[in-house]
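Visitor: Now for the letters of each chain:
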Amino acid sequence: MVEFAIFFLFAAIAVIFALVVVLHRNPVVGALSLVASFFALAVMYVLLDAPFLAALQVIVYAGAIMVLFLFVIMLLNLQHVAEPNTRPIQQFLGYTGAAAFGIGLIYFILKYAVFTALPEGPFIADARAIGFRMFEAYIFPFEMVSILLLAAIVGALTLSGRAVGHRASVGTELDKAPGAEAR
Amino acid sequence: MIPTHWFLILSAILFTIGVVGVLTRKNGITIFMSIELMVNAVNLTFLAYARQMHDLHGLMFVFFIMAIAAAEAAVGLAIFISLYHHRDTIDVDEANLMHW
Chain A
1 MVEFAIFFLF
11 AAIAVIFALV
21 VVLHRNPVVG
31 ALSLVASFFA
41 LAVMYVLLDA
51 PFLAALQVIV
61 YAGAIMVLFL
71 FVIMLLNLQH
81 VAEPNTRPIQ
91 QFLGYTGAAA
101 FGIGLIYFIL
111 KYAVFTALPE
121 GPFIADARAI
131 GFRMFEAYIF
141 PFEMVSILLL
151 AAIVGALTLS
161 GRAVGHRASV
171 GTELDKAPGA
181 EAR
Chain B
1001 MIPTHWFLIL
1011 SAILFTIGVV
1021 GVLTRKNGIT
1031 IFMSIELMVN
1041 AVNLTFLAYA
1051 RQMHDLHGLM
1061 FVFFIMAIAA
1071 AEAAVGLAIF
1081 ISLYHHRDTI
1091 DVDEANLMHW
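Residue numbers (our numbering), protein chains in the order written: chain A, 1 to 183; chain B, 1001 to 1100.
Read the hints as simulated data drawn from the structure, not as lab findings. Just to be clear, a hint being listed does not mean it is correct.
[What the hints assert, rightly or not] Listed next, the stretches of chain A that the computed footprint assigns to chain B, with coverage defined by at least 3 CB atoms under 8 Å from CB atoms of chain B:
| hint | stretch |
| --- | --- |
| 1 | 16-30 |
| 2 | 36-49 |
| 3 | 53-62 |
| 4 | 70-80 |
| 5 | 99-107 |
| 6 | 120-130 |
C-beta: ideal position from N, C-alpha, C; glycine also.
Go ahead and model the full structure; you've got the sequences and the hints to work with.
Guide: Structural data, given as structure tokens:
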């Protein structure tokens, strides 16, 4: 019974903070609400017998990715950006289309995905079981992910660097700086 | 034990909220956060089915999705920084450089 109470409490937290992310005008509030929603989802992972992935959720998602979002919001100074209310027809179509999609999704889950009882025996999904599986069957995708992360680092550095013309002007400023003659 | 389809319904609700964010907002960062929300809803579905089927493959998928979401966040945010340098805004309506 305690399990059900925890499920409903944290499901409500996850949904409410997700709504704040979508509806609030200030992106800083949205990013912090998304962190709260991810924490509630980590509780769901624990209820699903996956404590290792719950830890990863808190460390990687709530810890690393959302801090990256907050840094970018801070860097671009987006706290007070107003969103002009253009294209009302498209916005209305977006709301109704998404609502129809959600209702259809829940309808078909309730219609088809009602399961029998869970299989017998404990479901072992700790770090040991995942590690054995990862370095035996999934060693090739694991290495591919490391290459993908390297490519993402290179891509992010290339994209976020200043434009070439600007970089050239910065170089000439450095040459004119006092002390340049001494070199 | 909590039945699996409750987790599926929670996941469907979170995914729908993410769809609303992507379709109705114009702030690029908020759209990106809605995509992260949808990715997390899919992760929850993977874990619910992994417990139902007693199969560790679902957990491996969630692990790789987390790694790919990190790469995606880094590259996507770099694109928005670049857009802000060029246009002084991250309103996605303004990003029409490839519009015919």
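Visitor: With a Cβ-Cβ cutoff of 8 Å, does the stretch 53-62 of chain A contain at least three residues near chain B?
Guide: holds (count 5)
Visitor: Please count how many residues of the stretch 16-30 of chain A have a CB within 8 Å of a CB from chain B and say whether that reaches 3.
Guide: holds (count 6)
Visitor: Between the stretch 99-107 of chain A and chain B, are there enough contacts, at least three residues with CB-CB distance under 8 Å, for the coverage claim to hold?
Guide: holds (count 5)
Visitor: For the stretch 70-80 of chain A, do three or more residues have a beta carbon lying closer than 8 Å to a beta carbon of chain B?
Guide: It holds: at least three residues are needed, and the stretch 70-80 of chain A offers 5 whose Cβ sits within less than 8 Å of chain B.
Visitor: In terms of beta carbon proximity below 8 Å, does the stretch 36-49 of chain A have 3 or more residues touching chain B?
Guide: n = 8 at 8 Å, threshold three: holds.
Visitor: Are at least 3 residues of the stretch 120-130 of chain A within less than 8 Å of chain B when you compare beta carbons?
Guide: holds (count 5)
Violated hints are absent here; each numbered hint is respected by the structure.
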